[in-house]
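Chain order of the listed sequences is A and B. Letter by letter, the first sequence follows residues 1 to 527 of my numbering. Letter by letter, the second sequence follows residues 1 to 527 of my numbering.
By construction, these hints were calculated from the structure, which means they are not laboratory data. A few of these clues could be false.
What the hints assert, rightly or not - Cut-off 27 angstroms, straight-line C-alpha distance, at most; resulting in silico cross-link-like pairs (DSSO-like, lysine-lysine):
{"#": "1", "chain 1": "A", "residue 1": "K443", "chain 2": "B", "residue 2": "K507"}
{"#": "2", "chain 1": "B", "residue 1": "K93", "chain 2": "B", "residue 2": "K9"}
{"#": "3", "chain 1": "A", "residue 1": "K5", "chain 2": "B", "residue 2": "K450"}
Unchecked claim - Residues from chain B shown here face chain A by an in silico Cβ test under 8 angstroms; the list is partial:
{"#": "4", "residue": "M1"}
{"#": "5", "residue": "W4"}
{"#": "6", "residue": "R37"}
{"#": "7", "residue": "A40"}
{"#": "8", "residue": "L140"}
{"#": "9", "residue": "N188"}
{"#": "10", "residue": "D193"}
{"#": "11", "residue": "S214"}
{"#": "12", "residue": "T216"}
{"#": "13", "residue": "T222"}
{"#": "14", "residue": "G367"}
{"#": "15", "residue": "S422"}
{"#": "16", "residue": "L428"}
{"#": "17", "residue": "V432"}
{"#": "18", "residue": "S522"}
{"#": "19", "residue": "L525"}
Unchecked claim - Example chain A residues on the side facing chain B (calculated, C-beta under 10 angstroms, incomplete):
{"#": "20", "residue": "E61"}
{"#": "21", "residue": "S64"}
{"#": "22", "residue": "G91"}
{"#": "23", "residue": "C441"}
{"#": "24", "residue": "P448"}
{"#": "25", "residue": "A453"}
C-beta: ideal position from N, C-alpha, C; glycine also.
If you want the building blocks of each chain, they are given just below.
There are 2 protein chains.
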Amino acid sequence: MAEWKNLDKLSAYARLQALKGRVKLQEALSGEAGAERVAAYRVPMAAGLTYHYAAKQVDGEVLSALAALADEAQLADKFAALYGGEMINTGEKRLVLHHLTRGQLGGAVVADGEDKRAFYVEQQRKAADFARRVHAGEILNEKGEAFTTVVQIGIGGSDLGPRAMYLALENWAKRNNTFRMAARFISNVDPDDAASVLADIDLSRSLFVLVSKSGTTLETLTNESFVKNALRSAGLDPARHMAAVTSATSPLASSSDYLAAFFMDDYIGGRYSSTSCVGGAVLSLAFGPEVFERFLEGAAAADKAAAEPDPLKNAAMLDALIGLYERNVQGYPATAVLPYSQALSRFPAHLQQLDMESNGKSVNRYGEPVSYVTGPVIFGEPGTNGQHSFYQLLHQGTDIVPLQFVGFRASQAGVDVDIQGSTSQQKLCANVAAQIMAFACGKQDANPNKSFAGGRPSSIIIGDQLTPEALGALLSHFENKVMFQGFLWNLNSFDQEGVQLGKVLAKRVLAHETDGALKAFSDELGI
Amino acid sequence: MAEWKNLDKLSAYARLQALKGRVKLQEALSGEAGAERVAAYRVPMAAGLTYHYAAKQVDGEVLSALAALADEAQLADKFAALYGGEMINTGEKRLVLHHLTRGQLGGAVVADGEDKRAFYVEQQRKAADFARRVHAGEILNEKGEAFTTVVQIGIGGSDLGPRAMYLALENWAKRNNTFRMAARFISNVDPDDAASVLADIDLSRSLFVLVSKSGTTLETLTNESFVKNALRSAGLDPARHMAAVTSATSPLASSSDYLAAFFMDDYIGGRYSSTSCVGGAVLSLAFGPEVFERFLEGAAAADKAAAEPDPLKNAAMLDALIGLYERNVQGYPATAVLPYSQALSRFPAHLQQLDMESNGKSVNRYGEPVSYVTGPVIFGEPGTNGQHSFYQLLHQGTDIVPLQFVGFRASQAGVDVDIQGSTSQQKLCANVAAQIMAFACGKQDANPNKSFAGGRPSSIIIGDQLTPEALGALLSHFENKVMFQGFLWNLNSFDQEGVQLGKVLAKRVLAHETDGALKAFSDELGI
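Chain A on its own, in the form it takes in the complex (with noise of 0.2 angstroms):
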C-alpha cells in the first residue's frame, strides 16, 4: 500500500537539501571528462528518444540521492496503483486512467460496471470508423460533397492539446501522403476567435467537432451556437456537420443535432486528453485514424518506461526528480521548455496548462497547506526564435531560469537549403548544441557586459525525426513528469478546483448581481 507523505516529512529530501550548489556545471563540462559525461548522463525513452541531462546540476551523490527520494516517495508503487485502478484524484474521488487510452500497462480497470480499456478502444474504434467514412465519402454534405476542414470546438485540454499535436503532425502527414483534413480550432469565448476561423474557411464542407466533457462548458456552448448560427446562415444543417464528443450521460450523446458521438468520462481529465477520443476524432480526421494508432503507440511505449522503477532508466522519474531539486533546493521558480523544431510551436502551450495546471497548488491530496514551493511557472517558444528573444534573461538576467530542449536529426517536411556549408537542419542543431553549452559554461570576457556567468542547467530530448510515435512518446514523457512530481510534492494532480472561482464571479456579473469592486470594474468594460 502506497503512503502519501508531504515532501518534508521524507528523510532523501533533508539529505537533498544539504546538497545544494553542489555541482558546477562549468567544471562538470569542461574538457574529456564533459565529453564523457554526456555520453554517461542519458536514458533511453521509447520512440528513439533520449533524455540527456549532463548539463543538469547533478553528480553521483545527488542522483543517489534523487534515487533515495524515489524509493521512500514510493513512485513507482505510487505510478502502479494509479494505472492499476486506484482513487488518485482524491479531490473529485475519481480514477484517473488516461494511460488505458493507448495501453494496458496493469490489470483489467473495471468501473461503472466495464472494463475501462475496453471502453476506451471502443471509442476510438468509433472516432476511426467516422473518419474512415468521411474519408470514403460515405459522410457528405448537402451537396453530396467531400468535407475539407474539421474544426475543433473546445477550450482548455479540449483545444491545447490536440491543437499542439495537430500542428506537430502536419508538415509530417503533408510529407507521408496522410493528410486527409485541414483542422482548425475555436476556443476563446471571444466572438472574434470563431469569427476569424469561420471567415476563412469554406463552411459547407467543415465538419465541425465539439468537445465537452459535462455538455454544459459556456465557452463551448456559445462558440456552437456561433457555428451553428453562420451554418443556417448560409443555408446549411448544421446536424449534417457536427459531431460530438461527450461523457455518456451529457445531453449531447443522444442528440440528433450530431452526426456521431464519441465518449469519454470523468477518468480522464482535459489535459490528459489528447489521447483520448478529444484528440482521437480530430487527429484521425486530419490524418488517418492509423496515423492516430501510431500516436497511441508512442505513448504507450513512453507508459511502459515509466513503469520502471529505477529512476536511472526511467526518464519521466528523473526528469521529475532533477526538477523537484531544482524547485526546491536550488529555488529556480521558472521552467522554460524550447523545442529546436517549428511543428513543437503549440507543445509548451500544452505543457504550460500540463504542468500549471496539474501542480499549481498549495494543499496536498488531504487538503492541508503545505510548508514547500510547488509546481513552477512553464514557458517557451520553439527554436531559434526564442534565441532572437527572451534568450538575454535566460543568458544574462538575475534569475536562473532551467531549460527543456527538444531537437530531431532530421526535418519533417525534407525540403532543405545549403547557405554558407551547412543546411537549415544542421544549423538548427548546431544552434541547440550551442546554447546548451553557453549556458552551462558560460564565458568571461573583459567586457562585463559581454561575460556569461553560466552555471544555467538544461537537459535535452533528442530523437531522429518528429513522427507520430515520437510525439507520443514526448507527449506521455511529460504526463508522467507531472504526474510524479505530483506524487513527490503530494498534490492531487488532477483536479483543478483554482478555475471555480473566476466562473462563479462571471455569472454573477452577467446577471448583475454585483456590487463594490466587482460592479466597477464590471461598469468600466461596459457589461
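Got chain A; can you put chain B on it based on the hints?
Chain B in isolation, oriented as in the chain A frame:
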C-alpha cells in the same frame, strides 16, 4: 544633466523597502471603499485607453514613495535625454530613436549628418508609396497579375512585433474594408517553418519582404535562399518578388535583387522596430498605409503621455514603478500578460521579447554587477484560454505572479451571439472583471481545496475597441514602461549581448571546430 545611479543607491528605494506587504487587497477592495478605489486608481492613456491599478498592492503611502523614486531616479529627465538624442545605449554607443519613427517629442535630432525624424518619415513614405503601387496594380508579377500575399522574412524583432501587430489588426481591417493582402511570416531557421509557409501560399502572387538590418543575419539569409530556390523552381524571378528592409550601408541596400529597399539604422533596436519600416512595409502592404499611419498616431500620443513627469498622470511610468515594487520589494519573479482579446494572441510573445531582452541583465549601464534582481520572466496567453489552462497556478500556486490584463468593450468583427442572456463579448468582459476580483480577494471555503487566498495583484488596460490607434498606444505604453524600468535598474535596455555567445558557439559547431562536451552534444544531434 541626468545622473545614473544604481537602484540601491537611491534613498527612496530604502523607503520603499520598508513598505513591503503593506496593502491587503482583500481589505482595500471590499465594500463601497472598493468601488471608490476603482474610480480613483486609474490613469487615462492615449487613444481612449485607461490604466487601472486598483487591484495592485499600493496605497497613498506606496504611491508617494514610488513618486519620490521616480523623481530621485530622474525618470522624466532621462526620457527627455533619450528622445533628445543623448547616447543612451552605452554598450553599443548608439542613440535610441524609435520614438522618432512616430513623432517629434523634443527638438530635432541630427545624427550621421541628417535630421533623423525626417529620415524615418522619408522611409515610411517610401514604404507607403510602394504599398500603394502594389495595391494599385502598378507593381505586378511576371504574368501581370496582382500580388495577394506578403511574406515577411525576419527573426526576433523583425518577426515578433510585426506578426503580433498584423494579427491584432487583421479582423479589424477585414471589418473596415482596409484589408489588402494576407501576411505570413518566416522566422525560424528550422526548414519546416519556411517549407510549411511556402506550401500554403500561391508563390506566383506573393511578395516577400526581407528584413535584416545588417544584411548578414544568418537565419534570415538562409530563409531568403530557401525562398529564392522555391521561386526559381516555380519558374519565377526572385527579383520581381522581393523587397528589403535594411540599413543604408548593408549589402542589400542597393542590390538589383529587390524591387525596393527601405532603410532603418542602428538607433532602432529590433524589438523597438514595429513602428519603423520593419513593421511599416508589411503592415502597409497588408492594410494600406493609412491604417499604419493611424497606428503611428496612437503610438505618438502614448509617447507624449509618457513624457509627463508626474507618475500618477503617466500610465507607463506608474506601471513601471509598480512593477519595480512587485519585483524588488514584494519579490515576485514573473509577470503574466493576459489580453482578453483573441486578436492580441501573439502580443504576449512580443512583450516577452521586449521586456526580457531589454531588462534581463545583471550588469548596469557601466558594466558593473548589480546587487538586486532586474527584469522578470514574462509569459501569457489570450483571454479565457488561459483561464482553462495555467490560471490554476495563478490562483492557488505557491508563488504569486502579478498579472497584466487588457480588455476592450467591443469586439473587432462585430459578429456575436446571445446565449443565456448575454453576448460572447459580454461573457469575455465579465470574465476579466471576475478574474481581477477573484485574484485580489480570493474566497474562504470550508473545503481547503476550494479556498482561494487572494492577495494576487493585477492591473488592467481598458479600451473601447482594438483599433489601429489603440494598438499603437498599447505598443508604445509597454515600450516606455520597459524603458522606465531600465532607468530604475540603471541598465542599458537597448543592447543584447546575451545573444552573442550562442551564435559564436553555433558557428564553431558548424565548422566542426569543437571538442569535449560540445562535440559530444553535436554528435548526438547528428551534425
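**Request:** Could you check the structure against the hints above and give me the numbers of any it violates, in ascending order?
**Result:** Numbers 4, 5, 7, 8, 11, 12, 20 and 21 - these are the hints that the structure violates, sorted from lowest upward.
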